[in-house]
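Make the full structure from the sequences, and use the hints.
Residue numbers (the working numbering): 1 to 463.
Hint data in this document are derived by calculation from the structure and do not stem from the laboratory. Among the hints, erroneous ones may be present.
Stated by the list, open to error - Here are the simulated lysine-lysine pairs, DSBU-like style, with alpha carbons at most 35 Å apart:
no., residue 1, residue 2
1, 336, 291
2, 270, 298
3, 236, 270
4, 291, 70
5, 204, 101
6, 70, 406
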Amino acid sequence: MIQNLFTRLRSLPTLKDIPDQEIDWLVNHGNYEVYDPGTVVAAKNLQIDSLYIFFSGYMTIRVDRGAGPKLVSQWQTGDITGMLPYSRMRSTPGDTIIEEKAEVLRIYTKYFPEMIISCPKFTAHTVHIMIDRARSFTTSDLQDEKMISLGKLSAGLAHELNNPASALLRNAKLLVESLPRLESYSRMIGAAGLLDNQFELFVKLRDVCLAQKKNGNLSPIEKADLHDQITVWLEKNRIDISYAAQIVDSNISFENLQFLEKHFSGNFLKSGLTWLCANCASHSLADEMEKAAAQIYKLVDAVKKFSYMDHVIEREYVDVASGIRDTLRILESKIKSKNAGIVFKPDNDIPNVYANGSDLNQVWLSLIDNALDAIPPSGKILINACYEMNRVIVRIIDNGPGIAKKIITKIFDPFFTTKPPGAGIGLGLDIARRLIRRYKGDIHVTSNPGRTEFYVSLIVSNV
Numbered sequence: 001m002i003q004n005l006f007t008r009l010r011s012l013p014t015l016k017d018i019p020d021q022e023i024d025w026l027v028n029h030g031n032y033e034v035y036d037p038g039t040v041v042a043a044k045n046l047q048i049d050s051l052y053i054f055f056s057g058y059m060t061i062r063v064d065r066g067a068g069p070k071l072v073s074q075w076q077t078g079d080i081t082g083m084l085p086y087s088r089m090r091s092t093p094g095d096t097i098i099e100e101k102a103e104v105l106r107i108y109t110k111y112f113p114e115m116i117i118s119c120p121k122f123t124a125h126t127v128h129i130m131i132d133r134a135r136s137f138t139t140s141d142l143q144d145e146k147m148i149s150l151g152k153l154s155a156g157l158a159h160e161l162n163n164p165a166s167a168l169l170r171n172a173k174l175l176v177e178s179l180p181r182l183e184s185y186s187r188m189i190g191a192a193g194l195l196d197n198q199f200e201l202f203v204k205l206r207d208v209c210l211a212q213k214k215n216g217n218l219s220p221i222e223k224a225d226l227h228d229q230i231t232v233w234l235e236k237n238r239i240d241i242s243y244a245a246q247i248v249d250s251n252i253s254f255e256n257l258q259f260l261e262k263h264f265s266g267n268f269l270k271s272g273l274t275w276l277c278a279n280c281a282s283h284s285l286a287d288e289m290e291k292a293a294a295q296i297y298k299l300v301d302a303v304k305k306f307s308y309m310d311h312v313i314e315r316e317y318v319d320v321a322s323g324i325r326d327t328l329r330i331l332e333s334k335i336k337s338k339n340a341g342i343v344f345k346p347d348n349d350i351p352n353v354y355a356n357g358s359d360l361n362q363v364w365l366s367l368i369d370n371a372l373d374a375i376p377p378s379g380k381i382l383i384n385a386c387y388e389m390n391r392v393i394v395r396i397i398d399n400g401p402g403i404a405k406k407i408i409t410k411i412f413d414p415f416f417t418t419k420p421p422g423a424g425i426g427l428g429l430d431i432a433r434r435l436i437r438r439y440k441g442d443i444h445v446t447s448n449p450g451r452t453e454f455y456v457s458l459i460v461s462n463v
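Take a look at the structure:
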C-alpha cells in the first residue's frame, strides 16, 4: 500500500517538483481514505483539522451569503486543500462536500510542525496554494458583497426612477392630448383678426407666464380662492366660466388677466385667452417632461459614476470627494426615508488617489449605509474629507447608539454581523478593510454612545 501511495503521489503533476524524500514523508504520515458522494468533509463553521491531497474524485464548497448557496471553489485529482501550513483559516464558510467518489491522502494538522521542517519544498508549495485560494475567496466575497449591495439599493433606485418615469409618461400623454386643442385655438386667434402688435402682446404675456411661479405651487385654499376670483372675472367679461379650472392649472395669474382686460375685449379677449391657456399648458407639460428626463439622466449618470461603468482600467487617479457625492446620490432614497441629516465637508485641496474608483465607492457605500442603519429617525451623519501628511483622510461620524465594547474588535471579522437575519451577512466591513488595504490604506473605528467614527486613510502616492 505504501509503495502504491508513493507511486500515485509521485505521478501527480502538482507534486512533480517535490523531492522523493518529502513524498515519502507524506506517505508515512498520511492516511489513505475513500469518500462516497455526499460526504461532508468539512462542515460550515467547524474546525478544520486536516490537509487533503486528491488522488481522484471531485469536491466542492458552496457558500450562502444571503442569496442562496453559490459554488465558490472545487477540487479534483492532484489538488491540495483543507488546512494548510501557516494558514489562519480555522473553519470554512460553507459545507465542503464530495460530489464524485474520491480517494485522498489525509494529513492531520498535528504533524504540521514536523512537516514544515522535513518538507520545505512541499510546505512552500502549499503557501502558494494558500495565496491563490485567499485571492479566489476574496474575489468571490467582493463580487457577492457588491451584488448584495446592489440588491439593497435596487428598491430605492427603482422608486427614484419610477417617479420621474411615471411623470414623463403621464405628461407625454397629456401633451399629445393637448396638441389638437392648441391647433384649434391657434386657428381661432388667427380668425379673430388680431393685428401683429396685438398678437405680440399675447406672445409676450405667454413668455411672462412661463417664467413666473406656477399656480400648481399654491396651497389648496389659495387655489380655491384664485378659482373663485377668476370665475368672477370670466363672468364679468362674458367668457365661459369652464375656463377657470384651465387657467388655474396654467401659469396665468390674476394680474395677467387684468392686463389682458385693459387691452382687449369681446372676441379678441376670448380668442386670445383660450390660445394663451392652451399654449401655456403645452409649454408647461414640455417643461415638466424635460425636468423628469433630466432627473432620470442624473440618476443614471450617478449610477454610472458610482460603478465606474465606463472605465476599463484597473487603477487610475480617483477624486475621493466626487465618489462620496455619487454614493450619497445613490443612497438618496434611504436618506430620505430616515429623514437623515447628512453633512459632507470636503476640503478644497484634496489630491486624487491612485486606486480603483469602483472599489473605493464600495467602501463609502458600506460605511455610509451602516451609519444610516445605526442612526435613529432624523439622525445625523457628518462626513469629513481632508489631506494630511500625504494621505487622504475620510471620517464618517454618526450619532447612533454606538458599538458595544465587547464586539467592537470583531466588526471587521468575516461574517460577523449584529443585523437581523436577511439584513446583513457580515462581509461589508471585512471587504471594506481589504479594499482599503489593497491601496496601502487603513480603516479604524472608535465608538461611544451617541458617536461612532470610521476613520479611513488612503496614501496619495501609490503608483
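Going down the list of hints, with the structure as the test:
1. As the CA atoms of residue 336 and residue 291 are separated by approximately 20 Å, the hinted pair is consistent with the 35 Å bound.
2. For the given pair, residue 270 sits about 42 Å from residue 298 by alpha-carbon distance, which is inconsistent with the 35 Å threshold.
3. Of the pairs offered as hints, the one joining residue 236 and residue 270 holds, with about 12 Å between alpha carbons and a cut-off of 35 Å not exceeded.
4. About 43 Å separates the Cα atoms of residue 291 and residue 70, which puts this hinted pair outside 35 Å; it is violated.
5. In summary, the hint linking residue 204 to residue 101 is not supported, as the alpha carbons are separated by about 86 Å, beyond the 35 Å threshold.
6. At most 35 Å may separate the alpha-carbon atoms for a hinted pair to count; residue 70 and residue 406 meet this at roughly 32 Å.
The earlier numbered hints that this structure contradicts are 2, 4 and 5.
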